[in-house]
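2 protein chains.
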Amino acid sequence: MKRDKPSAAHRSRCPLTAALDLIGDKWTLVILRDVMEGKHRYGEIQASPENIPTNILSNRLRRLVEEGIIEKHAYQERPLRHAYTLTQKGADLLPVLQQAARWGQKYVSNCDTPPDWFFRAKPKDVLGRQQTDRRRRS
Amino acid sequence: MKRDKPSAAHRSRCPLTAALDLIGDKWTLVILRDVMEGKHRYGEIQASPENIPTNILSNRLRRLVEEGIIEKHAYQERPLRHAYTLTQKGADLLPVLQQAARWGQKYVSNCDTPPDWFFRAKPKDVLGRQQTDRRRRS
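Chains as they are written, first to last, in the numbering used here: chain A, 1 to 138; chain B, 1 to 138.
Excised from the complex, chain A in its bound form (with noise of 0.2 Å):
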């Protein structure tokens, strides 16, 4: 299990602050959305409704890396291209994307409901289903 190493950036020893240190913004959840729901490559991301401006896609997807929560690996050689799949870390953030949108449908007016599967599932379900998605590609 990849566990970050305590660091100066962790503004203290609360979990749910150390949780926000590195999902706290307006994007990661919204990207981590995508990739849960199929979304794999850069451009499909992109393509998303919320329109994410392209510097902080990049900037997110990195970070994102480097931390564990997703996986970079090539789909395709010429030209090269990649694919981002979630790991184990990254899946198991399911639940707070979970009652994060239980939480916006009820105090949140003229939202679209989620599809079947997204309240249903659990981590494993997602990884599950990263890996066949995985698969299929290369």
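Treat the hints with care, since some could be wrong.
Pairwise CB distance ranges, derived in the manner of DEER restraints [as the list claims (entries may be wrong)]:
(1) A:Asp25 with B:Arg136: 34 to 42 Å
(2) A:Ser109 with B:Phe119: 29 to 37 Å
(3) B:Gln131 with A:Arg135: 52 to 60 Å
Lysine-lysine pairs mimicking BS3-like chemistry, simulated, CA-CA at most 30 Å apart [claimed, not checked]:
(4) B:Lys124 with B:Lys72
(5) A:Lys124 with B:Lys122
(6) B:Lys124 with A:Lys26
(7) A:Lys26 with B:Lys106
(8) B:Lys124 with B:Lys106
(9) B:Lys26 with A:Lys106
(10) B:Lys26 with B:Lys106
(11) A:Lys106 with B:Lys124
(12) B:Lys106 with A:Lys122
(13) B:Lys26 with A:Lys122
(14) A:Lys106 with A:Lys39
(15) B:Lys122 with B:Lys26
(16) A:Lys122 with B:Lys122
By construction, these hints were calculated from the structure, which means they are not laboratory data.
Since this is a predicted model, take the numbers as computed values, not measurements.
Glycine included, each C-beta is placed from N, C-alpha and C at the ideal position.
Starting from the known structure of chain A, fit chain B onto it as the hints suggest.
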């Protein structure tokens, strides 16, 4: 139930994104953790180990009141002193905090263990505590 009006501020109709439009930053959930734990005054939150900058704390408290996630009320007249308590909408964020803290505990080393009640609590327990704290103070 207070629901946000549909707004250009929301990046998409995804309920996760809509939630992150309100709580997707490094500080908001840390402040709500403090209020859940019984820190209801500006100075108490400011004294937390994360050392939140005062301009961010003022800004977030104001936004959280505007969003109906916390309520501000005077608990003393001379000099005038305010306290903040969670609404139902705010207490319903507890599962997001719990899941993010669980993930932090699993993946970030050297974190403290939250107090016993934290992982067991339900939003209604948190809401009950808020009301008790408020009666005690007034």
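Which numbered hints does this structure break?
Hint check: nothing fails, all pass.
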